[in-house]
Amino acid sequence: MAILLNVVLFLPLFGALAAVLLPRGEAAQHKSWALLVSLVTFFLSLGLWFNFETGRTAAEFQFETHLPWIASLGIGYHVGLDGVALLLVMLTTALGPIVILSAWNEVQERVKEFFIAILFLETAMIGTFAALDLVLFYVFYEAILVPMYLLIGVWGSENRVYATVKFFVYTFAASVLMLVAILYVYFHDGGTFDYVAARQSLQVTPAVAVWLFAAFAVAFAVKVPMFPVHTWLPDAHTEAPTAGSVILAGVLLKMGTFGFFRYALPLFPEAALHYRGLIGALAVVGIIYGALMSFVQTDMKRLVAYSSVSHLGFVMLGMMAITAEGLTGSVYQMLNHGVSTGGLFLLVGMLKERRHTRLIADYGGLARQVPWIATIFVVVTLSSIGLPGTNGFVGEFLILSGTWLSRMKAPGWYAALGATGVILGAVYMLSLVQRVFFGKLENPENRHLQDLTLREAFVMVPIVVLIGVMGLGPNPFLQTARPAVDRLLARMQSAEQHLRQQDPSLREMVGTEGPALALARPPAVPALPSPAEGSR
Amino acid sequence: MVTNQDLLALLPFILLGAGALTMMLSEVFLTSGRRAYQSGLAVLVAVAAAAAAVVAPERSLFAGQAVSDGFSSFVTVVACGGLALSVLVGRGWLERRGIERGEYYALALFATSGMVLLGMASDLLVAFIAIEVMSLAVYALAAYPRRGQRPAEAAFKYFIIGSFASAAFLYGASLVYGATGTTLFSGIARGGGGGLLTAGLALVLVGLAFKVAAVPFHAWTPDVYEGAPTPVTAFMAAGVKAAAFAILVRGFLAMVSGTGVVGGAQIGGALGILAILSMVVGNLFALPQRNVKRMLAYSSIAHAGYLLVGVVSAGTREGRQAGISAVLIYLAAYAATVVGAFAVVAALERTAASPDVDPAKAWDIARFAGLAKSRPALALAMAVFMLSLAGVPPTAGFVAKLSIFRAAVAAQQYGLAVIGVLTSVLGAYYYLRVVVAMYMQPAEAGEESETAPVTVSVAVALAVVAVVALGIGPESIAGLARAAAQRL
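Read top to bottom, the protein sequences are chains Z and V.
All letters in the first sequence, in the order written, are residues 3 to 538 by this note's numbering.
All letters in the second sequence, in the order written, are residues 1207 to 1694 by this note's numbering.
Pulled out of the complex, with its shape left as it was, chain Z reads as follows (with noise of 0.2 angstroms):
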């Protein structure tokens, strides 16, 4: 099966290599392809999906593919996917004929050099979850910028260019540093770049891997985007195209917590532990900050901007909570973000397109007029603000429960501030829903606006039904990450067993204190039997 990995990989690029060879002036043919190469990239990794294995006995890295790349160099082709990197692919290909459909009308311009930089976008975001080499993590990661500043910068609004340069230097000079970080790792492995004999054998000084985290940690963190790193998501949000925000806010803000998550963790666990009150205080206050910035937005894009650095502020402070419920929370809703605030965009894109406006001002009971559109609104505004039933729900309650639990200093402050952002959630989306949909129709040119098209449906009903299913039946999710979930869990708690061997009066810092929930409990890994167990 590892062969249906590398198809589903390149699969867009070679579309994408193929759609050069059509003619320019056919937009149909452009369009019509884009979305047969991504429908079957998706189907094709449906078997990936029914083929993972999460049993107990199951591999950890799954489709493997180990070849050399650049060997003088100590650089391998190396992919393979655990279940988190499985999940955050899933969603990458769902969200492809999405986006390409959303973006069926929008783009009017170069239409064809639009679909290729789409397909080519694809790829490298596959590449990104699937790599297991860190150079070549690296170059996918990299690659994204590319066709995401063009999609930013060409098909953007008004002040796009300004939006793209900002987006492309902040990310690309918050991840220089990394490649700095890497090839100090390959000299202090015995000389790889493979990330699975990199895990194993690295040795670094505490004080070492403490700067080493921070080049991860910094890259990632821009990505996320981390408060205060932040500022240039909303500018690209904002000036981005529907598909490009779709993509930006579901899939290539995920690479920067699938960073921390299978990178910056597992590779410097100590220092993880090290800088954990930080993170976790930093994410508390994106949650804070993006909703309140979303309160006072007068344009809906932005708004729905400033929410993602506030729901990825959750899934920040998930991860730093360290335990089975803080972790699983966080892969949760990393998907979840995807699915809803993807969903949020399309909306608005939507909106959009009838009206050529964002201001939140220009609308107002169009509840009304656009039925379907407003209910459709609803639901996602719903598991955006996490309604139990809806996927929000699960992942903000496991995220705030593993706080909770947690081992940090002050878990309760944590997880009260935090729950705040929840709150707040409810108060800005609820508002943005009722100044758009409800209350009077004052605008005249409101009056005549068509409802969702047929186009537009087959565009929504996906995200509706992943709404529905994710927030009522978690758990084939739950489980495809359980076990990437639990081996961090033990990778961290071995790494907390060190410190302490160090310095006995340290206290325990993974896991929970008390009896922890049922969904995470027993670890599914017995290969991998946890060294805190083991000592008591």
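Hints in this document: simulated from the structure, not taken from any laboratory.
A portion of the hints provided could be inaccurate.
Stated by the list, open to error - Straight line, CA to CA, 25 angstroms or less: simulated DSS-like cross-link-like pairs of lysine-lysine:
1) V:K1579 / Z:K33
2) V:K1579 / Z:K168
3) Z:K168 / Z:K354
4) Z:K33 / Z:K354
5) Z:K442 / Z:K354
Chain V: place on chain Z using the hints.
Chain V only, in chain Z's frame:
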């Protein structure tokens, strides 16, 4: 005694020299005015010389004054590749302006033969001769169009500063000879002579620093790069830089690897400072440039800084292998990219009615506005070159930067690595500005666009292929570079 094997090792040099002489003779005797064969012959000679270099036997030549090895072969291939591409650019550019002559190609071939010899030199005097062979030809090339102010000014500046650098080099070589009684690199490695040797080596390095355009010996670069005819600028950026770095690496390694050498570490430290200055100053000065040709000139200073990082790393025990191969990979990647970029600049250059008209506006970034609409292929190529110069994957520039910084980390030069990556962010900003202009700004009104000459398009296409191939599958080049580094 010169044996057949020696001749075989020197074959690239001989081919280039013979090609140049043939070109000059044919220009005299064949006066039909049809000159298409000349560029074809020059490309053919370049390819043949590169092929000869690949199969050249490894041996010591001229009683140890030169050596043919993997390193010299690699440099020869890069120089010949730069020659072939810039000849293609030159053909179209010169023909449009009606100034195509055999001498142009002859001078380029002579210059390349000097570069090839420079890649082989393991003796200060041979190095000096090679530098002069190369430089005299390039001075003449810079002034090639003869009419017009800028080429003359550029050539004059280049000549004066170049003579000064040569004089410094020669004076240094004489001091080294006085101190050690030999000009062989192997003799330098034995050391002795104390302060006199140090002074001599310092002067030699100053001479070379001028040639590679490292800050603070860079002041000539922007004016010369801007003023010289664009195909010549491409040739200078690709070939002259490669050859100068080849001799710098060989000489510097001899200085630091010897047992009794004075202050090998200090020399490394001095080069490290030059590297930092070049990266910072080159990038900072490139930032405000609106003239693309001048921006590329400043960026070439910054790239000299990155290359110096590799050289410094090669001077340490841990980073020796990684450093040498990184410099070679970087030279190959930079040559392909920069020739391509200048080829695009040449393609966009207006053919002025009279050469006395100042063409500075021809290189303004406004010329690139809307290029993605009017000429999508050219714009795409330029975007690839800009991303490669900025070091964004998956291009050659990324692999090159990766190997340079890998060498720096191997040599535990963390400061150089961190300054290197941070300054490369500045680079991303000004390279992107060209992409912004091409893809995100409307074209200037009333801008008629001439189609690019065929040979220029061919050169651009070849360069794009090279840049992307090096970015995606660099193993063949990286393997060759590593083999070359192991033998050096």
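Holds or violated: are the alpha carbons of K1579 (chain V) and K168 (chain Z) at most 25 angstroms from each other?
-> Holds - the C-alpha atoms of K168 (chain Z) and K1579 (chain V) are around 24 angstroms apart, at most 25 angstroms.
Given the hint that K168 (chain Z) pairs with K354 (chain Z), does the C-alpha gap stay at or below 25 angstroms?
-> Holds, because 24 angstroms separates the two Cα atoms, which is no more than 25 angstroms.
Take the C-alpha atoms of K1579 (chain V) and K33 (chain Z), compute the straight-line distance between them, and say whether it is at most 25 angstroms.
-> Holds, because 20 angstroms separates the two Cα atoms, which is no more than 25 angstroms.
Regarding the pair K33 (chain Z) and K354 (chain Z), is the alpha-carbon distance no greater than 25 angstroms?
-> Given pair K33 (chain Z), K354 (chain Z) holds - Cα atoms ~21 angstroms apart, limit 25 angstroms.
Given the hint that K442 (chain Z) pairs with K354 (chain Z), does the C-alpha gap stay at or below 25 angstroms?
-> holds, 19 angstroms
This entry satisfies every hint, going by the numbered hints stated previously.
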